[in-house]
Amino acid sequence: MIAFAVRRFIQAIVVLLAVSLIAFVMFKYVGDPISQMVGPETPIDQREALREQLGLNDPVPLQFMHYLGDVVQGNFGRSFRTGLAVDRVLLERIPATLELAIVAVLYAVVAGIPMGVYSGLYPDRWLSKFFQTVSLIGISLPTFFVGVILIYIFGPTLNLLPTFGRGEVVHIGFWSTGLLTVSGLKSIILPAFTLGMFQLTLIMRLVRSEMLEVLRTDYIKFARARGLSNRAVNFGHALKNTLVPVITVIGLQLGQVIAFAIITEAVFQWPGMGLLFLQAIQFADVPVMSTYLLVVAVFFVAINLVVDLLYYVIDPRLRLDRAVAQGG
Amino acid sequence: MAPQNDSPPLLEVRNLSIEFPTRRGTLVAVDDISLHIDQGEVLGVVGESGAGKSLTGNAIIGLLEHPGRIASGEILLNGKRIDNLSYEQMRRIRGRDIGAVFQDPLTSLNPLYTVSRQLVETIKVHTDLDTGAARARALELLEAVGIPAAKERLSSYPHEFSGGMRQRVVIALALAAEPRLIIADEPTTALDVSIQAQIIALLKRLCAERGTAVMLVTHDMGVIAETADRVAVMYAGRVVETGPVASVIQNAHHPYTSGLMGSIPHMKHGVNRLTQIDGAMPRLNAIPQGCAFNPRCEKVFDRCRKERPELISIEQNEVACWLYQSDVGGVS
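The listed protein sequences derive, respectively, from chains A and B.
When we follow the working numbering, the leftmost residue of the first sequence carries the number 1, and every step to the right adds one.
When we follow the working numbering, the leftmost residue of the second sequence carries the number 1, and every step to the right adds one.
Hints listed in this document are in silico derivations from the structure and should not be mistaken for laboratory results.
Heads up, some of the hints might be wrong.
Below, in silico cross-link-like pairs of lysine-lysine (DSS-like), each with a Cα-Cα straight-line distance of 25 angstroms or less [unchecked claim]:
| # | chain 1 | residue 1 | chain 2 | residue 2 |
| --- | --- | --- | --- | --- |
| 1 | A | K240 | B | K124 |
| 2 | B | K151 | B | K204 |
| 3 | A | K240 | A | K129 |
| 4 | A | K221 | B | K299 |
| 5 | B | K124 | B | K151 |
| 6 | A | K221 | B | K204 |
| 7 | A | K221 | A | K240 |
Over the 12 angstroms line for every Cβ pair with chain A, so calculated as not near, a few chain B residues [to be verified]:
| # | residue |
| --- | --- |
| 8 | S72 |
| 9 | A136 |
| 10 | M281 |
Glycine included, every Cβ here is placed at the ideal spot set by N, Cα and C.
Please work from the sequences and hints to get the whole structure.
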């Protein structure tokens, strides 16, 4: 277990190095930051001075090494656009994105798993068929479209929910949360619903098909033959056996939601990392973009690590060291 | 062993038919069969794959897989019908009155739970024991089925056992609530030959000790010969011959039974070649008219192709074959 964790940790570092290299190289050629930072009337020698000052004239590998060295020391550079330290800017934005992502995935899990279990247990009931049909819509409609429709319905038409921003936030240490204020809670409903809808349908369909599969297995039939109650069979035995693939997907989706909340954040003007990233792209704000990529990669790697460890908790067959010790 | 005259047999299957509705019409997989098992008796049910043996077993424990359904007939346990019970009523019978052992021990146990947990949950469903007592009982059961170092193995997961050991665990689970009857559906088919004899001997011994009756479903005549008191030979969803095991083996009347017996290797007789029944069992959607065995039967004659024979008593056996029925009305 510990050896496994260490191994995964080393792998994680390799992944992050690779991501930082890609981020660095990509943004190296994404546009000229100097022309964004200065006005069109700035003379060339001033531009060159600025270029020299920012280290943009160094050989590319050297720039990368500088970059890595800075990153390791927690120095992510300054935004070309605002001149503020990038880590501070991002840190301010991370809570908004994480709260949105977690609320969205929670809602997708809490609604999606029971819907999937129900339609797996009773595939012929009309409600199951209804879920299936609705989930097709959820899976095929693009996020921005759903968002815009929701804004139209709940904003100007019904005037029920706020359609942009985060509402009031409360600061707890470096973390700012909107989940403790009424306006914050109201504000998160629409974006979280929009962001979580695809995940909801995905989880529901996955749980359904996994349940259908597991319910056909011999051990479920044998559990019934032992006279166990329906509840024990369906939830204790069947649902738990669907969890490995379901947790994999939920983990990956949480990563996806964090990374690609961009569209939802743009639609609802949600002040998270995604919105920041969009603005950074417009200005070729390389430090912000590359740091954003790094942060997202860290989240992905961390989530995957947790998912892998969860496998161990759920499925004893994966605890190989034990099986080997007992002779297979 | 003839059924006792006064008390009803432990299990009685009367004129059971099982059908599968499909888009191309209804397939009859089990056609009007009757069986009975007395207290402590081992009934062997033998036949080729698809003869309806396992379906009959599943129907008895109320676990026919959708869309299969009982079309007609009755199943009685101690004289009380159990085929028309609700799922919940039937659930109380499963495990407590009728245990089950399935074919593949590798897939019969939930891979995510320890053996102890699966035993304890089964025991607790059917008894009033608390967890501690149930755990003690689980240990007794594991010891009874011959798991070495049972105490340590309680906390093992199924994948940590070999196939034979897993089938022992499955048997322990089937016996957990001391049922009166065990339906053993091909309990040794998936095991190594060397393990098969052990498992059969174990099942036989445990059931004899506890007075548990067994319905042993198999296609292995050798297993039947060693284990069963009576045997029912099934072909294409019908019982073609039934009787005491010695009588059926040594004195088979139905040509199909004779063919099956001819396919058992004997150590004593120096037979070089085993007999073989040509052809294959008909598919459910193409069961021939008359006797279902007629296309493969060496002794087939006109009547076999037209009318279906019913079981009649011949010596100790009951046989469904026109060879032994001289007139149309001669149905027992």
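Given pair status - B:K204, A:K221, alpha carbons within 25 angstroms: holds, 24 angstroms
Minimum Cβ distance from B:M281 to chain A greater than 12 angstroms, as the annotation requires: holds, 24 angstroms
Given hint A:K129 paired with A:K240 - CA-CA distance at most 25 angstroms: holds, 24 angstroms
B:K124 paired with B:K151 [C-alpha distance capped at 25 angstroms]: Holds, at roughly 19 angstroms.
Distance restraint between A:K221 and A:K240, which requires alpha-carbon spacing of 25 angstroms or less: holds, 15 angstroms
Pairwise hint evaluation, B:K204 against B:K151, where the allowed Cα distance is 25 angstroms at most: Status holds; Cα separation ~24 angstroms.
Closest CB of chain A to the CB of B:A136 still more than 12 angstroms away: Non-interface label on B:A136 holds, nearest chain A Cβ at 19 angstroms vs cutoff 12 angstroms.
25 angstroms Cα cutoff - pair A:K240, B:K124: At roughly 20 angstroms apart (the allowed maximum being 25 angstroms), B:K124 and A:K240 satisfy the hint.
25 angstroms limit on alpha-carbon distance, applied to hinted pair A:K221 and B:K299: violated, 42 angstroms
Beyond 12 angstroms from each Cβ of chain A, as asserted for B:S72: With a cut-off of 12 angstroms, B:S72 remains clear of chain A, as the shortest Cβ separation is near 24 angstroms.
Of the hints listed earlier, the one the structure fails to meet is number 4.
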